[in-house]
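> Given the coordinates of chain W, assemble chain Z onto it according to the supplied hints.
Protein chains in written order, with the numbering used here: chain W, 4 to 388; chain Z, 4 to 388.
Hint data in this document are derived by calculation from the structure and do not stem from the laboratory.
Some clues are possibly wrong.
Unchecked claim - Only pairs whose alpha carbons sit at most 25 Å apart, straight line, appear in this in silico DSS-like list of lysine-lysine: (1) Lys184/W x Lys205/Z; (2) Lys90/Z x Lys366/W; (3) Lys129/Z x Lys366/W; (4) Lys341/W x Lys327/W; (5) Lys366/Z x Lys366/W; (6) Lys366/Z x Lys91/W; (7) Lys32/Z x Lys49/Z; (8) Lys366/W x Lys91/Z; (9) Lys184/W x Lys259/W; (10) Lys110/Z x Lys366/W; (11) Lys318/W x Lys129/Z; (12) Lys318/W x Lys131/Z; (13) Lys110/Z x Lys216/W; (14) Lys184/W x Lys49/Z.
Keep in mind that this is a model prediction, so the values were computed, not measured.
Number of protein chains: 2
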Amino acid sequence: MAKKQTTPGKTGTDRRTTRTGSEAAVTTKKIESLAEMVIAAAARKKDPNFDIPIRALSNVRFDPKRAIIEMGGATQSRHFFDKSMAKKFMQTLLIAAQCKTLIEENKTASIRSLYYLAKHDVAGTKEKTFNDQEESDPIIEDLEVCIDTLREELHVYASNRGNLVGPITLVDDGNTLDCMKMGSAGYPVPSIVEPGVVQFKKCTAKYILHVEKDTVWRRFYEDRYHEKHHCVVTHGGGQPARGMRRLLRRMHDELKLPVYCLLDNDPWGYYIYSVIKQGSINLAYESQRMAVPQAVFIGVSSFDYERCGLSDDVKIGLNDQDVKRAKQILSYPWFKGKRDWEREIRKMMQNGFKMEVEALLNKRLTYLTGEYVPMKIKDRKQWLD
Amino acid sequence: MAKKQTTPGKTGTDRRTTRTGSEAAVTTKKIESLAEMVIAAAARKKDPNFDIPIRALSNVRFDPKRAIIEMGGATQSRHFFDKSMAKKFMQTLLIAAQCKTLIEENKTASIRSLYYLAKHDVAGTKEKTFNDQEESDPIIEDLEVCIDTLREELHVYASNRGNLVGPITLVDDGNTLDCMKMGSAGYPVPSIVEPGVVQFKKCTAKYILHVEKDTVWRRFYEDRYHEKHHCVVTHGGGQPARGMRRLLRRMHDELKLPVYCLLDNDPWGYYIYSVIKQGSINLAYESQRMAVPQAVFIGVSSFDYERCGLSDDVKIGLNDQDVKRAKQILSYPWFKGKRDWEREIRKMMQNGFKMEVEALLNKRLTYLTGEYVPMKIKDRKQWLD
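Only chain W is shown next, with the shape it has when bound in the complex:
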């Protein structure tokens, strides 16, 4: 792998303007178009309505060529003059209006805040616009797919989760940050990492190593793996949040960095990998901007027990739930038919046990960062793709 020196164009931003004007203008325009359709229908004395793509397993498909999970073309029309839809129709426009205000005021809000911002009495009634957050969350997703935008572009944020260390200098909210010098918890990945907020300035990393948990990340940090191997080490604190997934995708696309995943040898680890690589079923519409179809799983593999001569101290027996989940994963179209993956998952069930990344430390404290991962990165034959 050649050492890369990448200096993308845009490097600075006014700290107060956390979104670029053009990005915001596009999203605002989309919301306005939605509203104009409604107004036009009303002016013609017609039933105002709009189409919302269906977010359900029935409308999700795996595109083997692009290697991501995508939404199908099925939509549902949401009408105002329909008792069963009128409330959701109103809620969609309320959320859209709130998002438009957020964008115009250059503010962001959490999904919980958005719920409180949009909650009030329906004029002339004792009814509330929203009874709880379970009503407003799906509406945000409806709006995303309806006007083809990402939640982040609607100025709605999830949790900040995940950290990063490595030879990359980026600008976050106007602050230039050298991610080699961010202290012992690294650079904390924010919830919104769109180009208006986070720009890449300089990067000499050769690849990204993504690990599952912060406790494992800390092992790599402390052993200066990122220094010795000129790479970026990230963790997502379990299932990576949207910010981390989007950042992995952007670093992969814009900085041409390969992504290697080091996850537990269990169904949960496989699933985290598949979400990073193909996207999730629930949020299939985001895959095209979040998924990293070229991501590679380097371990822990079911074959590593014998391959690496591990002791039985690392074994954790599979429970019924694990076996059930493994079979489910095996049936996903993006695993099914991949011979290596079928072997891998079947071997885990044959083993009858799972293994955590941290278990490899049982050999010695330096085994993971000093031997195991370098060996895995070097030997393509051990990769699961």
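Just chain Z now, with coordinates in the frame of chain W:
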């Protein structure tokens, strides 16, 4: 409140030496003394044993003068020549030996890693030294109290959790960090913030505002509250982890910063406050180095519904669990007898509802940071102490 300019002495450290030599030497000495006691007994052909303070509610007391939860003096002797104690005796020495190695190699490990590091076959048997982490975790705590040290001094880490923004410059693992310029997720507080890792360099903050969740923290960050009010804003991602608690304590002690807590108006919010202020029951022995007895609760108070003219959109009905928990909290010696707190908790039960910090945004997006908190900080009469 006067503006403070604090420049503590120690400001730099060799990045590779994450602990100061003297700190490490003291802890190593304590572990060695433990081992020497055992060796001396064995040499005298006596039953080797050591005393471990009892970590149970029965041995916890609230010191009203120091205003922290403390451990009592009760101890239990752990003998080697006792079938019921021999395994735990061995486990204690195994964990102590592992920690000594970590300290000597200047490495740290998570509690999970420590379990794997210490797990192996007991020589000549088919038994394991530890069967699962539930066996090793309490042994770490035993060791902490036995030799009067903190987990962090044994080089054992918990999770990195919590973030901070504000006019403070600190050195973390040799990197000088201006916490006003750390990007949109702020400075991530690491698990270990002992003086050997984190030193304070410069601070012009007037106080610390601690909030519960990162979504609320982000509201303050985005509204530049820390700039406008010259303060540090922290969040713990729920119940604050050890690193955040210890950092709050150190900033309070060394930089003389008052700590104001803004938490949800529910039993969980009260409890988070009490842990920051007095320490937790489970880890009572840490209170003297983690608790901030002068911390103040500024809201959300049960009286704010009327006081601030909130709409009924903010109400979340109390469930049975909430009522039970509220009564329990009311009976804790550190709440009992404090008239203001008794009024506060009783009022919540009378209200029949709880309120989240984010619910205040229902008024308007800027209400929380622009009006509510400044009003609360100004008016001492609204503080709960």
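> If a hint holds in the structure, say so; if it does not, say that too.
Cross-check of the supplied hints:
1. Lys184/W x Lys205/Z: holds (18 Å)
2. Lys90/Z x Lys366/W: holds (23 Å)
3. Lys129/Z x Lys366/W: Satisfied, since the Cα-Cα distance of roughly 18 Å is no more than 25 Å.
4. Lys341/W x Lys327/W: Distance ~19 Å between Lys341/W and Lys327/W Cα, so the pair holds.
5. Lys366/Z x Lys366/W: This hinted pair is violated, its Cα atoms lying about 57 Å apart.
6. Lys366/Z x Lys91/W: Since the Cα atoms of Lys366/Z and Lys91/W sit roughly 23 Å apart, the hinted pair holds (cutoff 25 Å).
7. Lys32/Z x Lys49/Z: holds (23 Å)
8. Lys366/W x Lys91/Z: holds (23 Å)
9. Lys184/W x Lys259/W: Measuring from Cα to Cα gives roughly 23 Å; hence the hint holds.
10. Lys110/Z x Lys366/W: holds (16 Å)
11. Lys318/W x Lys129/Z: Holds, at roughly 15 Å.
12. Lys318/W x Lys131/Z: holds (12 Å)
13. Lys110/Z x Lys216/W: Measuring from Cα to Cα gives roughly 18 Å; hence the hint holds.
14. Lys184/W x Lys49/Z: It is violated: about 53 Å lies between the C-alpha atoms, which goes past 25 Å.
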